[in-house]
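Colleague: One-letter residues, chain by chain:
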Amino acid sequence: DVKVTQSSRYLVKRTGEKVFLECVQDMDHENMFWYRQDPGLGLRLIYFSYDVKMKEKGDIPEGYSVSREKKERFSLILESASTNQTSMYLCASKILRDSPLHFGNGTRLTVT
Amino acid sequence: GEDVEQSLFLSVREGDSSVINCTYTDSSSTYLYWYKQEPGAGLQLLTYIFSNMDMKQDQRLTVLLNKKDKHLSLRIADTQTGDSAIYFCADHGSSNTGKLIFGQGTTLQVKP
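Top line first, the protein sequences correspond to chains W and R.
When you line the first sequence up against this note's numbering, it's residues 7 to 118, in that order.
When you line the second sequence up against this note's numbering, it's residues 76 to 187, in that order.
By construction, these hints were calculated from the structure, which means they are not laboratory data.
Just so we're clear, the structure is a prediction, and the values are computed from it rather than from any experiment.
Using N, Cα and C, we set each Cβ at its ideal position, and we do this for glycine too.
Where hints are given, some of them may not hold.
Examples of chain R residues toward chain W, derived with CB under 8 Å [said to hold, decoys possible]:
no. : residue
1   : Phe84
2   : Leu118
3   : Leu120
4   : Leu175
5   : Gly178
6   : Gln179
7   : Gly180
8   : Gln184
9   : Pro187
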């Protein structure tokens, strides 16, 4: 079974802090994704990556950056956290374009 | 723009059938997907349908696809309290990027 692991289930950070959300997958998947999930808005794509050191902006990249130094790891970075970035963050991976996405359990981030 | 729409809430009694509906604006997807999200967890792939099929049955789950009307539905037979969750439909839209577009999610409430 594919395992996508997000390093933290819950995080509380202060406004202005730099925040790292880590995601690791164990199935040698090429494609990795970061979504945020908010009530009434569903899932919105922040960034995705097709390969090591490659990244593509999703629908809401503002205020975020990503890092993919190794194939198995995809990090989401909030350079200066703001309260409107309080959300559930979901990492996912898949092997091919038309493959299904496999999700981690999510990180609930609260910015105070 | 591309969009996937779902009704937000469905309430049924235990033992009844549940039908969750989804419409999409455009799709070049080879597959269309249904995901399930239990409280506090990530999304779990529930089932999927190949885009040239009309119907797929998998135990208590039946997926119907009407490509002409761009309508996808998920029927859960003999709904149980453990089926209470949020259900998301998803497809790739017309993009070749491989990203999935999700509906807002339908919260299924199963009453005993």
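Colleague: For every hint, state whether the structure bears it out.
Modeller: Against the structure, the hints come out as follows:
1. A least Cβ separation of about 12 Å between R:Phe84 and chain W goes past the 8 Å threshold, and the interface hint is therefore violated.
2. The beta carbon of R:Leu118 comes within 4 Å of a beta carbon in chain W, closer than 8 Å, and the hint placing it at the interface holds.
3. Because the smallest distance between the Cβ of R:Leu120 and any Cβ of chain W comes to about 5 Å, under 8 Å, the interface hint for this residue holds.
4. This hint holds: R:Leu175 has a C-beta 6 Å from the nearest C-beta of chain W, less than the 8 Å allowed.
5. Given the 8 Å rule on beta carbons, the hint for R:Gly178 holds: about 6 Å separates it from the nearest Cβ of chain W.
6. Below 8 Å, beta-carbon pairs count as interface contacts, and R:Gln179 has one with chain W at about 4 Å; its hint therefore holds.
7. Checking R:Gly180 against chain W by beta carbon gives a least distance of about 6 Å; that is within 8 Å, so the hint holds.
8. A cut of 8 Å between beta carbons decides the hint on R:Gln184: the least distance to chain W is about 16 Å, and the hint is violated.
9. The restraint placing R:Pro187 at the interface with chain W is violated, with a minimum CB-CB distance near 25 Å, outside the 8 Å limit.
Going through the hint list in order, the structure does not satisfy hints 1, 8 and 9.
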